[in-house]
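*Asks:* Got chain A; can you put chain B on it based on the hints?
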Amino acid sequence: MQPENFYYDNKIVRNFGIATVIWGIIGMTVGLIIAIQLYHPGANMGNQYTTYGRIRPLHTNAVIFAFVGNAIFMGVYYSLQRLLKARMFSDVLSRIHFWGWQLIILSAVITLPLGLTTSHEYAELEWPIDIAITVIWVVFGWNMFGTIFKRRERHLYVAIWFYIATFITIAVLHVVNSFELPVSAFKSYMVYAGVQDALVQWWYGHNAVAFFLTTPYLGMMYYFLPKMANRPVYSYKLSILHFWALIFIYIWAGPHHLLYTTLPGWAQSLGVAFSIMLIAPSWGGMINGLLTLRGAWDKVRDDVILKFMVVALTAYGMATFEGPMLSLKQVNSIAHFSDWIIAHVHVGALGWNGFLTFAMLYWLIPRIYKTELFSKKLASFHFWIGTLGILFYAIPMYWAGFTQSLMLKEFTAEGMLKYPNFLESTLQILPMHMMRSAGGAMYLLGVIVMAYNLTRTALQGKLVANEAAQAMPLAPVHTIARESAWHRRLERKPIQMLIAALLVILVGTFVELMPTLTISSNIPTIAAVKPYTPLELQGRDLYIREGCVNCHSQTVRPFRSETERYGEYSKAGEFVYDHPFLWGSKRTGPDLAREGQKYGNAWHYNHLMDPRLMSPGSIMPEYSWLLTQTLDTSLTVAKINAMRTLGVPYAPGYEKVANAELDKQAKAIAANLGADHIKVKSDKEVIAIIAYLQRLGTDIKANKTANK
Amino acid sequence: MKYLRIIFLLVILISVQPVTAAADSLLPGETMDYIGYGAIVSVLLLLIIAMLVLLKAFKVLTRVVLKSEGYTNEQITAELEPAKKEKKPKAEVWQKLLSLRPMAEEKELLIAHDYDGIEELDNPIPAWFMWLFYTTIAFAVCYLLIYHVFNAAPLQYEEYKIELAQADVAKKVFLSKAANRVDENSVKLVHDPAVLASGKAIFMSTCAACHGEHAQGNVGPNLTDDYWLHGHKINDLFKTIKYGVLAKGMPTWEKQLSPKQISDVANYIKSLHGTKPAGAKEPQGTKEEDDDNKLVSNN
Numbered sequence: 001m002q003p004e005n006f007y008y009d010n011k012i013v014r015n016f017g018i019a020t021v022i023w024g025i026i027g028m029t030v031g032l033i034i035a036i037q038l039y040h041p042g043a044n045m046g047n048q049y050t051t052y053g054r055i056r057p058l059h060t061n062a063v064i065f066a067f068v069g070n071a072i073f074m075g076v077y078y079s080l081q082r083l084l085k086a087r088m089f090s091d092v093l094s095r096i097h098f099w100g101w102q103l104i105i106l107s108a109v110i111t112l113p114l115g116l117t118t119s120h121e122y123a124e125l126e127w128p129i130d131i132a133i134t135v136i137w138v139v140f141g142w143n144m145f146g147t148i149f150k151r152r153e154r155h156l157y158v159a160i161w162f163y164i165a166t167f168i169t170i171a172v173l174h175v176v177n178s179f180e181l182p183v184s185a186f187k188s189y190m191v192y193a194g195v196q197d198a199l200v201q202w203w204y205g206h207n208a209v210a211f212f213l214t215t216p217y218l219g220m221m222y223y224f225l226p227k228m229a230n231r232p233v234y235s236y237k238l239s240i241l242h243f244w245a246l247i248f249i250y251i252w253a254g255p256h257h258l259l260y261t262t263l264p265g266w267a268q269s270l271g272v273a274f275s276i277m278l279i280a281p282s283w284g285g286m287i288n289g290l291l292t293l294r295g296a297w298d299k300v301r302d303d304v305i306l307k308f309m310v311v312a313l314t315a316y317g318m319a320t321f322e323g324p325m326l327s328l329k330q331v332n333s334i335a336h337f338s339d340w341i342i343a344h345v346h347v348g349a350l351g352w353n354g355f356l357t358f359a360m361l362y363w364l365i366p367r368i369y370k371t372e373l374f375s376k377k378l379a380s381f382h383f384w385i386g387t388l389g390i391l392f393y394a395i396p397m398y399w400a401g402f403t404q405s406l407m408l409k410e411f412t413a414e415g416m417l418k419y420p421n422f423l424e425s426t427l428q429i430l431p432m433h434m435m436r437s438a439g440g441a442m443y444l445l446g447v448i449v450m451a452y453n454l455t456r457t458a459l460q461g462k463l464v465a466n467e468a469a470q471a472m473p474l475a476p477v478h479t480i481a482r483e484s485a486w487h488r489r490l491e492r493k494p495i496q497m498l499i500a501a502l503l504v505i506l507v508g509t510f511v512e513l514m515p516t517l518t519i520s521s522n523i524p525t526i527a528a529v530k531p532y533t534p535l536e537l538q539g540r541d542l543y544i545r546e547g548c549v550n551c552h553s554q555t556v557r558p559f560r561s562e563t564e565r566y567g568e569y570s571k572a573g574e575f576v577y578d579h580p581f582l583w584g585s586k587r588t589g590p591d592l593a594r595e596g597q598k599y600g601n602a603w604h605y606n607h608l609m610d611p612r613l614m615s616p617g618s619i620m621p622e623y624s625w626l627l628t629q630t631l632d633t634s635l636t637v638a639k640i641n642a643m644r645t646l647g648v649p650y651a652p653g654y655e656k657v658a659n660a661e662l663d664k665q666a667k668a669i670a671a672n673l674g675a676d677h678i679k680v681k682s683d684k685e686v687i688a689i690i691a692y693l694q695r696l697g698t699d700i701k702a703n704k705t706a707n708k
Numbered sequence: 001m002k003y004l005r006i007i008f009l010l011v012i013l014i015s016v017q018p019v020t021a022a023a024d025s026l027l028p029g030e031t032m033d034y035i036g037y038g039a040i041v042s043v044l045l046l047l048i049i050a051m052l053v054l055l056k057a058f059k060v061l062t063r064v065v066l067k068s069e070g071y072t073n074e075q076i077t078a079e080l081e082p083a084k085k086e087k088k089p090k091a092e093v094w095q096k097l098l099s100l101r102p103m104a105e106e107k108e109l110l111i112a113h114d115y116d117g118i119e120e121l122d123n124p125i126p127a128w129f130m131w132l133f134y135t136t137i138a139f140a141v142c143y144l145l146i147y148h149v150f151n152a153a154p155l156q157y158e159e160y161k162i163e164l165a166q167a168d169v170a171k172k173v174f175l176s177k178a179a180n181r182v183d184e185n186s187v188k189l190v191h192d193p194a195v196l197a198s199g200k201a202i203f204m205s206t207c208a209a210c211h212g213e214h215a216q217g218n219v220g221p222n223l224t225d226d227y228w229l230h231g232h233k234i235n236d237l238f239k240t241i242k243y244g245v246l247a248k249g250m251p252t253w254e255k256q257l258s259p260k261q262i263s264d265v266a267n268y269i270k271s272l273h274g275t276k277p278a279g280a281k282e283p284q285g286t287k288e289e290d291d292d293n294k295l296v297s298n299n
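One line per chain: the protein sequences are A and B, in this order. Heads up: the first sequence begins at 1 in this note's numbering, then just goes up one per residue. Heads up: the second sequence begins at 1 in this note's numbering, then just goes up one per residue.
Honestly, the hints are just simulated from the structure, not real lab data. Note that this is a predicted model, so its numbers are computed, not measured. Glycine is no exception: its CB is placed at the ideal position from the N, C-alpha and C atoms. Treat the hints with caution; some may be incorrect.
[To be verified] Restraint ranges, calculated between C-beta atoms of paired labels, are given here: (1) A/Ala471 x B/Glu106: 53 to 63 Å; (2) B/Leu47 x A/Ile395: 17 to 27 Å; (3) A/Ala471 x B/Phe150: 38 to 48 Å; (4) B/Met130 x A/Ala527: 50 to 60 Å; (5) A/Phe321 x B/Trp94: 37 to 47 Å; (6) B/Leu47 x A/Val300: 33 to 43 Å; (7) B/Glu106 x A/Ala485: 32 to 42 Å; (8) B/Trp94 x A/Thr371: 49 to 59 Å; (9) A/Arg301 x B/Thr62: 51 to 61 Å; (10) B/Met204 x A/Lys418: 10 to 20 Å; (11) A/Arg612 x B/Ala165: 32 to 42 Å; (12) A/Glu661 x B/Ser176: 49 to 59 Å.
[To be verified] Computed cross-link-like contacts, BS3-like style, restricted to lysine-lysine with a CA-CA straight-line distance of at most 25 Å: (13) A/Lys681 x B/Lys248; (14) A/Lys571 x A/Lys329; (15) B/Lys248 x A/Lys530; (16) B/Lys242 x A/Lys237; (17) B/Lys242 x A/Lys418; (18) A/Lys664 x A/Lys684; (19) A/Lys418 x B/Lys172; (20) B/Lys107 x A/Lys409; (21) B/Lys239 x A/Lys418; (22) B/Lys96 x A/Lys418; (23) A/Lys409 x A/Lys227; (24) A/Lys409 x B/Lys96; (25) A/Lys418 x B/Lys161; (26) B/Lys107 x A/Lys418; (27) A/Lys409 x B/Lys172; (28) B/Lys255 x A/Lys586; (29) A/Lys571 x B/Lys161; (30) B/Lys239 x A/Lys299.
[What the hints assert, rightly or not] Per the computed footprint, the stretches of chain B lying under chain A, defined by three or more beta-carbons under 8 Å from a beta-carbon of chain A, are: (31) 105–117; (32) 187–198.
Isolated chain A, as found in the complex (with noise of 0.2 Å):
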């Protein structure tokens, strides 16, 4: 047999690392906006497009799916040639899938600010972009496939079994949490409501982050650790123990961002058995990791890129610990809804994901245009401010989530809430938030640092476009012998190999999904739970467009220290016609879920003018044009309709009505805040969020008068 001649396609691999670095700093500036927006709202530039609830949702997509995404393509397409000894399958498949990411990442920055969003977090794209993602990914998939079957390589190498698992999840995890009618081009209804959205959100949510910021980055680190230290992988066995038991145990870990919730009990505590026993698993890639540099540790002390790569496995290691003892349901009482939930994730976005992104890009790069690094010099002040970065960003979070938490719980000893005002909470630990956006800066300088310090390196290289290989061509399957390991045998079969992933993560999916999803007792109905008004409707998708739940969560845990501050806890009945859940993850401002009839109208519509009249020193920013824009009612007929579909319960016919009514409360409404000398036209955006707003968690409350 001849060896055969070939050409790594290094272009693709190229323009991916471009996309990482552009929209990595675009990414990360917007970060910087939100981050500076919560100590001075003003920096919101008075504008409704750039404010922190519409363009939150834009930074976590930017990095994630776009500085993060790309750098997964990028690392897969230049270690999966190398690791199978082929080209890429189609270089037409290759663009398509380079240029239809860009501009799917192209859409999200014009659709979110614009405030249309599905609300589930890390999947707010609306239906449309959807589809798109959903072509794309199986574009990336068919490339990646045709590419194995025809490789010169029998074994798939570890590396490419977590390509393969990433693939197989986020398709599935995809699909299964775009479940949404559409009710226009750009507006949708998630299929699922309350309970079973939220779960499956955080199924998906919580995977997301395994299956995109996780196997990805391992099978990344499997393909560049080695090359970078030139040591062997330290342990084969290692390997195919904590891959398996990986994506078999994540996918089952969503539930514990639903723990104090109304998800039924049996849900949340699987969701805390399967956390913890996710330790292992996750430190499996971290020990082989660290244990492949030894022998090499000599090298980390002169070599930027091994420290990069060592930082990003410490942090790692730290935020894969951190995250099962998170899910432990006394620490998760304390964390949750906290600044201590965003450090420990930025400690994995920043640390691990950033850093070997930046590791690959110092590695690759220079290869690739066959030249020397410009300067290890900057790429040494890369590392260093990067790193200050993480301490600055990750240690003033931990500390305002703890004061914040505990001041929320803190009880007088005459049994009143300590600090009854939220504010007086937010107030406190600004100045952490100030020094986190300042560690975020250093982050960012040192992102910017390295893209110049790429340009050059660039400018004084070549770029080699077409790589030339050699190798030996796969010989005939029935020469060779068969192999007594059962895993060795099934690394020769890709098919099996993804069938089995995708069993593997089915097991966990079906038992917490299906019952919730299926059996009706897992949500007890309560009949004073009625549909909303169309006009509460309409406010309900304005909340949803300014992205109010990116600050205000909407669910009462059943903790002494909420329901003196918030009213009754939340029940799972009144969540049933919620298309989509609005339950939130983080409080930045109090919970709402019982806001409702809590203040007066006047006291809303003057607080979304200006916040800080009503709550001095208050970081809501202002929503003015709320007061100015008069409310879009084109599309009630179709929202009734759409969620008629869905089942909720409206009346046949009561579309025709619809608008009628919602004349009728917003004239109400209009009238009771001209009693108040407030003069507004009814036909205002205002008045429906105002609805909405009166309407939170009252349902329940007029059951236990009924009761009475």
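*Replies:* Relative to chain A, chain B alone:
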């Protein structure tokens, strides 16, 4: 030996005696506790001193005995030195703990394949790693059993009930001691500057947003004029603040302000009557004769 035992028992009895006598002692309970702790600590200290003395005594005795058997001074010192342990090199212990094979043996562990130059070692999975994994699995199984099979620990709603019950007990204990159980029936009109200052602080932080900094009225009504919507007596004010008037946008403050605080702020509001602040809101409600003040002045 028998005598020793009796003495030992006596020492214990004597040291325990103050505790058993607590019930009918004239000393307050807390002082008794301190005496008890003191006794325990001093007994423990005594034990340590006794041990040290004994150790010294044994050493001296050994010297005397060995000398009488003809040992030289050097031999005796050597005999008294603690036996030296064979020390293993530190790295080896560390490697054993991590189940690491020495680097020199690495060649034997290389698996006969490579991927783009990446080789793999056939190291076993570290034992401590497997133990960690097994422990977490055991924890998870126990967790589910405890909460869902044996029902041995409270789930969230039961936990909530327990938390409320405990808080209730603590609150009752506190209130039975404190004299601040003021409510809308027992609240009194006072002009004490300390009360008014405290009331003013509360007013500025909680009320001024709606009623204006000088109570001139804003979203809420003017509180300085003769016109009142829900009564003008100190009891009425207390009640309005405590329960709120939800239909008109006045929140319930019962959960956020203590009875003393409500009383203070009600008194502060009463003290503002007739101050005629700038930008006062037009009258709302019915005109009321301010008889409270008259009564006070009559007194």
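*Asks:* Now tell me, hint by hint, if it's right for this structure.
*Replies:* Hints, one by one, checked against the model:
Hint check: alanine 471 of chain A to glutamate 106 of chain B, Cβ distance near 27 Å, so the stated range 53 to 63 Å is violated. A beta carbon spacing of about 45 Å between leucine 47 of chain B and isoleucine 395 of chain A contradicts the range 17 to 27 Å that was offered as a hint. Distance hint check for alanine 471 of chain A and phenylalanine 150 of chain B: the Cβ-Cβ separation is about 60 Å, which falls outside the suggested range of 38 to 48 Å. Distance hint for methionine 130 of chain B and alanine 527 of chain A: a CB-CB separation of about 54 Å, consistent with the stated range 50 to 60 Å.
In this structure the hint that phenylalanine 321 of chain A and tryptophan 94 of chain B lie 37 to 47 Å apart at CB is violated, the actual value being about 21 Å. The hinted range of 33 to 43 Å is not satisfied by leucine 47 of chain B and valine 300 of chain A, whose Cβ atoms lie roughly 52 Å apart. Our hint of 32 to 42 Å for glutamate 106 of chain B and alanine 485 of chain A is violated, since their Cβ atoms are close to 21 Å apart. At roughly 41 Å, the beta-carbon separation of tryptophan 94 of chain B and threonine 371 of chain A lies outside the given 49 to 59 Å, and the hint is violated.
Range check, arginine 301 of chain A to threonine 62 of chain B: Cβ separation about 53 Å, and the 51 to 61 Å hint holds. At roughly 19 Å, the beta carbons of methionine 204 of chain B and lysine 418 of chain A sit within the given window of 10 to 20 Å. Here the CB-CB span from arginine 612 of chain A to alanine 165 of chain B is close to 40 Å, well matched to the stated 32 to 42 Å. Checked against the hint of 49 to 59 Å, the pair glutamate 661 of chain A and serine 176 of chain B passes, with Cβ atoms roughly 54 Å apart.
The suggested pairing of lysine 681 of chain A with lysine 248 of chain B holds, with an alpha-carbon distance near 21 Å, which does not exceed 25 Å. Restraint check for lysine 571 of chain A and lysine 329 of chain A: the C-alpha separation of about 19 Å stays at or below 25 Å, so the hint holds. Of the supplied pair hints, the one linking lysine 248 of chain B and lysine 530 of chain A holds, its CA atoms being roughly 24 Å apart against a limit of 25 Å. A distance of roughly 68 Å separates the Cα atoms of lysine 242 of chain B and lysine 237 of chain A; the hinted pair therefore is violated under the 25 Å criterion.
A distance of roughly 17 Å separates the Cα atoms of lysine 242 of chain B and lysine 418 of chain A; the hinted pair therefore holds under the 25 Å criterion. Among the hinted pairs, lysine 664 of chain A with lysine 684 of chain A is consistent with the structure: their alpha-carbon atoms are about 13 Å apart, no more than 25 Å. Proposed proximity of lysine 418 of chain A and lysine 172 of chain B is supported: the alpha carbons are some 17 Å apart, at most 25 Å. Taking the CA atoms of lysine 107 of chain B and lysine 409 of chain A, the gap is about 59 Å. The hint is violated against a cut of 25 Å.
Taken as a hint, the lysine 239 of chain B and lysine 418 of chain A pair is honoured in the structure, with Cα atoms around 22 Å apart against an allowance of 25 Å. For the suggested pair lysine 96 of chain B and lysine 418 of chain A, the alpha carbons sit about 53 Å apart, so the restraint of at most 25 Å is broken. The hinted pair formed by lysine 409 of chain A and lysine 227 of chain A fails the criterion: a straight-line CA distance of about 51 Å is larger than 25 Å. Between lysine 409 of chain A and lysine 96 of chain B the alpha-carbon distance is near 47 Å, which puts this suggested pair outside the 25 Å criterion.
A hinted pair counts as satisfied when its Cα atoms are at most 25 Å apart, and lysine 418 of chain A with lysine 161 of chain B qualifies at roughly 21 Å. For the given pair, lysine 107 of chain B sits about 66 Å from lysine 418 of chain A by alpha-carbon distance, which is inconsistent with the 25 Å threshold. A hinted pair counts as satisfied when its Cα atoms are at most 25 Å apart, and lysine 409 of chain A with lysine 172 of chain B qualifies at roughly 20 Å. About 24 Å separates the Cα atoms of lysine 255 of chain B and lysine 586 of chain A, which keeps this hinted pair within 25 Å; it holds.
Distance check on the hinted pair: lysine 571 of chain A and lysine 161 of chain B sit about 15 Å apart at the alpha-carbon level, within 25 Å; holds. A threshold of 25 Å between alpha carbons decides the hint, and for lysine 239 of chain B with lysine 299 of chain A the separation of about 75 Å lies outside it, so the pair is violated. For the region 105–117 of chain B, the assignment as covered by chain A holds, since 7 residues bring a beta-carbon within under 8 Å of that chain's beta-carbons and 3 suffice. Counting residues of the region 187–198 of chain B whose CB lies closer than 8 Å to any CB of chain A gives 0, which falls below the minimum of 3, so the coverage claim is violated.
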